[in-house]
Amino acid sequence: MSIEVKGLNKRFGTFAALDNVSLEVRSGELLALLGPSGSGKTTLLRVIAGLETVDSGQVLFHGADATSQHVRERNVGFVFQHYALFRHMSIFENVAFGLRVRPKQRRPAESEIRRKVMELLGLVQLDWLADRYPQQLSGGQRQRIALARALAVEPQVLLLDEPFGALDAKVRQELRRWLRRLHDEMHITSVFVTHDQDEALEVSDRVVVMNEGRIQQVGTPQEVYDHPVNAFVYQFLGNVNLFHGRMDEGRALIGRGEVPVPTHGESPSGAAVAYARPHDIDVVRPIHGEHGIAARVEHLLAVGPVVRIDLQPDDGAVPIHAEISRELAGSLALVAGDRVLVRPRQVRVFAA
Amino acid sequence: MVDAATPLRRVNAPEASAVNTAVLHAPLAAPRRSLERSTAEPAWVRVLLIATALLFLGVFLFVPLAAVFYEALRKGVPVYFKAVVEPDALSAVWLTLVTAAIAVPLNLVFGVAAAWAIAKFEFRGKNLLLTLIDLPFSVSPVIAGLIYVLVFGLQGWFGGWLAGHDLKVIFAVPGILAATLFVTFPFVARELIPLMQAQGTEEEEAAVVLGASGWQVLWRVTLPNVKWGLLYGVILCNARAMGEFGAVSVVSGHIRGLTNTLPLHVEILYNEYQFAAAFATASLLALLALVTLVLKAWVERRFREHRS
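Protein chains in written order, with the working numbering: chain G, 123 to 474; chain P, -10 to 297.
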């Protein structure tokens, strides 16, 4: 089941939640809508579900226009950010709800409902909770029940709104790997919304990066991470340093050093801002004649396998953040106050 | 799915560790107790406050309540029962029950509809509707009664038309019903609106996505979620419907055996110096109030349990 949206526009008052959004979700893929809050990602998900109407544009399910179709008839599974489990129903009844509300001629027999619900509870590995109530469950358990409930109606499409947003870090990581495996087994076309770039990059087949109601880039996690199309995507997908320098024939001149810049089409010349990830920055002891940005070590912090270094450039520019391996840090034997040279190994320059 | 099991079991690990945290928190209990002590008032202040409250309750609530039953039974049980089963008294009881039996369900339906509209939807004039719902609380019941006299009375707007069709509203049961409906208007809606607003619309949305129709959402999700609040509102509404005096007094006309409700009957008997009968009838209303109180306390407890 593929989903296509064409030229969607949605305004809330003067705020444009969706600004001419077009996107294709391929059949069977797991797609992430990634962006900061207010970027329109949740609105887009709700429009696909039919929970929100659009001012203009089209939603197509498997090529057929579903724009005016009622949410009830779209046969989508929706997992809400705060789960929205029915608080007065047992877990069993929550999962059975979608089957029980069917019109009589399509409603399965009681024994069939029981079999189906227990099968789904088995799938999310919570069949021992069938008689409990939502308040008695932990966040991670509620999340999985919400998923089982959504799957009970055998939806053509699964939509998840910040599915792991309200969980603590450890549960969240385990649950997202589990979701990925579940998707690989079921191959149901799925779209999930997240503001967490790690989550999007780790779980999805493709990532849609959104900002201010517009789609910035669509691609595989590797594509968007390695080849961001603009400064927003680059900054949103990880930590970043800014260097003010000059572009000259495919090289960026920063400080007294220069870094080759991979060019896409024409390369800009003149003053430019270069972006570099903390792990793409070399820190060396100053040796006479070597080029680089002279800086002072402000602060060192060892986190897991890397050492994070805050550096203050001598020219008074904004502080630089570098990440180097523990081994390298050990051999450099840096302490706060040391003078060093900073050399970006790899930078990106975006046309203004 | 076999390999998926391992991380999921680990998901449950934080729950197991709750035991450890409980142990860790145990030494904290002692300082917390001293914190309580630091916010408590000195003993004499506490005694004074409690004594004042009890005295107030006693003088203004328990003594009058006891007096009602004492006066009612002063001339003996036979007099008491004679006053209660006397035809005019029975007719007043009947009219009161009929009024409540019609007014409460009507306001139940209205209250649910209004609360649903206000809590779950955005529309123009929402604040106006909220203000209108509160109107019966802010207007004196006497004025509420007068409004109906002015509109439906013989000299009122529709008076001529009603008289022409031989319909009687004022000084008849329909007028009593209308006045009761007016004063009990806000009870159910006011109880449900904050509850429904706090619950939001996510559960309803989830139900619709799962294929439920509007009726199914109402009966299976919205109403069960507010059932205790609803019952609470109905109890308060019923108590007011049976006990209302002012508005009903204006439109009733005090026709014995026809348009007298219980509160009006009490007043008539009292004005005629039939004190024992007046108090006997009043004791029926007082009993009703006590039953309502017990019901209310029970519902409140269930309500709290349901919420937590």
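Derived from the structure by calculation, the hints contain no laboratory data. There could be a bad hint or two in this list.
As the list claims (entries may be wrong) - Heads up, incomplete: computed chain P residues facing chain G, CB under 10 Å, no partners named: (1) 154; (2) 196; (3) 199; (4) 205; (5) 288; (6) 289.
Claimed, not checked - Taking lysine to any residue pairs in the SDA-like style, the calculated list, with each CA pair at most 25 Å apart, reads: (7) P:216 with P:256; (8) G:226 with P:292; (9) P:64 with P:45; (10) P:109 with G:226; (11) G:238 with G:310; (12) P:109 with P:292; (13) P:216 with G:128; (14) P:216 with P:86; (15) P:71 with P:47; (16) P:115 with G:159; (17) G:226 with P:207; (18) P:71 with P:261; (19) P:216 with G:336; (20) P:109 with G:228; (21) G:128 with G:204; (22) P:109 with G:149; (23) P:157 with P:83; (24) P:109 with G:197; (25) P:285 with P:56; (26) P:115 with G:228; (27) G:238 with P:208; (28) P:109 with G:348; (29) G:292 with G:276; (30) G:226 with P:209; (31) P:109 with G:292; (32) P:71 with P:292; (33) P:109 with G:187; (34) G:128 with G:149; (35) P:216 with G:238; (36) P:71 with P:91; (37) P:216 with P:279; (38) G:128 with G:363; (39) P:109 with G:128; (40) G:292 with G:319.
A virtual CB, placed ideally from N, CA and C, is assigned to each residue, including glycine.
Quick rundown of the hints versus the structure:
Against a cut-off of 10 Å between C-beta atoms, the interface hint on residue 154 (chain P) is violated, since the closest Cβ of chain G lies about 46 Å away. Taking 10 Å as the C-beta contact cut-off toward chain G, the hint placing residue 196 (chain P) at the interface holds, the least distance being around 7 Å. At its closest, the beta carbon of residue 199 (chain P) sits 4 Å from a beta carbon of chain G; the interface hint therefore holds under the 10 Å criterion. The interface hint given for residue 205 (chain P) is met, as the beta carbon of that residue sits about 5 Å from the closest beta carbon of chain G, less than 10 Å.
A least Cβ separation of about 16 Å between residue 288 (chain P) and chain G goes past the 10 Å threshold, and the interface hint is therefore violated. Checking residue 289 (chain P) against chain G by beta carbon gives a least distance of about 18 Å; that is not within 10 Å, so the hint is violated. Our distance criterion of 25 Å between C-alpha atoms is broken by residue 216 (chain P) and residue 256 (chain P), whose separation comes to about 37 Å. For the given pair, residue 226 (chain G) sits about 34 Å from residue 292 (chain P) by alpha-carbon distance, which is inconsistent with the 25 Å threshold.
Restraint check for residue 64 (chain P) and residue 45 (chain P): the C-alpha separation of about 29 Å exceeds 25 Å, so the hint is violated. The suggested pairing of residue 109 (chain P) with residue 226 (chain G) is violated, with an alpha-carbon distance near 28 Å, which exceeds 25 Å. Proximity of residue 238 (chain G) to residue 310 (chain G) is assessed by CA-CA distance (about 18 Å); at most 25 Å being required, the pair is judged to hold. Our distance criterion of 25 Å between C-alpha atoms is met by residue 109 (chain P) and residue 292 (chain P), whose separation comes to about 21 Å.
For the proposed pair residue 216 (chain P) and residue 128 (chain G), the alpha carbon gap of about 44 Å is over 25 Å, so the pair is violated. Restraint check for residue 216 (chain P) and residue 86 (chain P): satisfied, since their Cα atoms lie roughly 23 Å apart, inside the 25 Å limit. Restraint check for residue 71 (chain P) and residue 47 (chain P): the C-alpha separation of about 30 Å exceeds 25 Å, so the hint is violated. Note on residue 115 (chain P) and residue 159 (chain G): the hinted pairing is violated, with a Cα-Cα distance of about 29 Å set against a maximum of 25 Å.
A threshold of 25 Å between alpha carbons decides the hint, and for residue 226 (chain G) with residue 207 (chain P) the separation of about 18 Å falls inside it, so the pair holds. Taking the CA atoms of residue 71 (chain P) and residue 261 (chain P), the gap is about 17 Å. The hint holds against a cut of 25 Å. Among the hinted pairs, residue 216 (chain P) with residue 336 (chain G) is inconsistent with the structure: their alpha-carbon atoms are about 44 Å apart, more than 25 Å. For the given pair, residue 109 (chain P) sits about 30 Å from residue 228 (chain G) by alpha-carbon distance, which is inconsistent with the 25 Å threshold.
Among the hinted pairs, residue 128 (chain G) with residue 204 (chain G) is inconsistent with the structure: their alpha-carbon atoms are about 29 Å apart, more than 25 Å. This hinted pair does not check out: residue 109 (chain P) and residue 149 (chain G) have alpha carbons roughly 35 Å apart, beyond 25 Å. Restraint check for residue 157 (chain P) and residue 83 (chain P): satisfied, since their Cα atoms lie roughly 20 Å apart, inside the 25 Å limit. Pair hint residue 109 (chain P) plus residue 197 (chain G) holds up; C-alpha atoms about 23 Å apart against a cutoff of 25 Å.
Of the supplied pair hints, the one linking residue 285 (chain P) and residue 56 (chain P) holds, its CA atoms being roughly 24 Å apart against a limit of 25 Å. For the given pair, residue 115 (chain P) sits about 39 Å from residue 228 (chain G) by alpha-carbon distance, which is inconsistent with the 25 Å threshold. Between the alpha carbons of residue 238 (chain G) and residue 208 (chain P) the distance comes to roughly 24 Å, so the proposed pair stays at or under 25 Å and holds. Restraint check: the Cα-Cα separation between residue 109 (chain P) and residue 348 (chain G) comes to about 45 Å, which exceeds 25 Å; the hinted pair is violated.
Taking the CA atoms of residue 292 (chain G) and residue 276 (chain G), the gap is near 30 Å; set against the 25 Å cutoff, the hint is violated. Of the pairs offered as hints, the one joining residue 226 (chain G) and residue 209 (chain P) holds, with about 16 Å between alpha carbons and a cut-off of 25 Å not exceeded. Restraint check for residue 109 (chain P) and residue 292 (chain G): not satisfied, since their Cα atoms lie roughly 35 Å apart, outside the 25 Å limit. Straight-line distance between C-alpha atoms of residue 71 (chain P) and residue 292 (chain P) comes to about 41 Å, which puts the hinted pair past the 25 Å bound.
Restraint check for residue 109 (chain P) and residue 187 (chain G): the C-alpha separation of about 29 Å exceeds 25 Å, so the hint is violated. Note on residue 128 (chain G) and residue 149 (chain G): the hinted pairing holds, with a Cα-Cα distance of about 17 Å set against a maximum of 25 Å. For the proposed pair residue 216 (chain P) and residue 238 (chain G), the alpha carbon gap of about 30 Å is over 25 Å, so the pair is violated. Note on residue 71 (chain P) and residue 91 (chain P): the hinted pairing is violated, with a Cα-Cα distance of about 29 Å set against a maximum of 25 Å.
Restraint check: the Cα-Cα separation between residue 216 (chain P) and residue 279 (chain P) comes to about 22 Å, which is no more than 25 Å; the hinted pair holds. Proximity of residue 128 (chain G) to residue 363 (chain G) is assessed by CA-CA distance (about 36 Å); at most 25 Å being required, the pair is judged violated. A threshold of 25 Å between alpha carbons decides the hint, and for residue 109 (chain P) with residue 128 (chain G) the separation of about 30 Å lies outside it, so the pair is violated. This hinted pair checks out: residue 292 (chain G) and residue 319 (chain G) have alpha carbons roughly 16 Å apart, not beyond 25 Å.
Hints 1, 5, 6, 7, 8, 9, 10, 13, 15, 16, 19, 20, 21, 22, 26, 28, 29, 31, 32, 33, 35, 36, 38, 39 from the list above are not met by this structure, while the remaining hints are.
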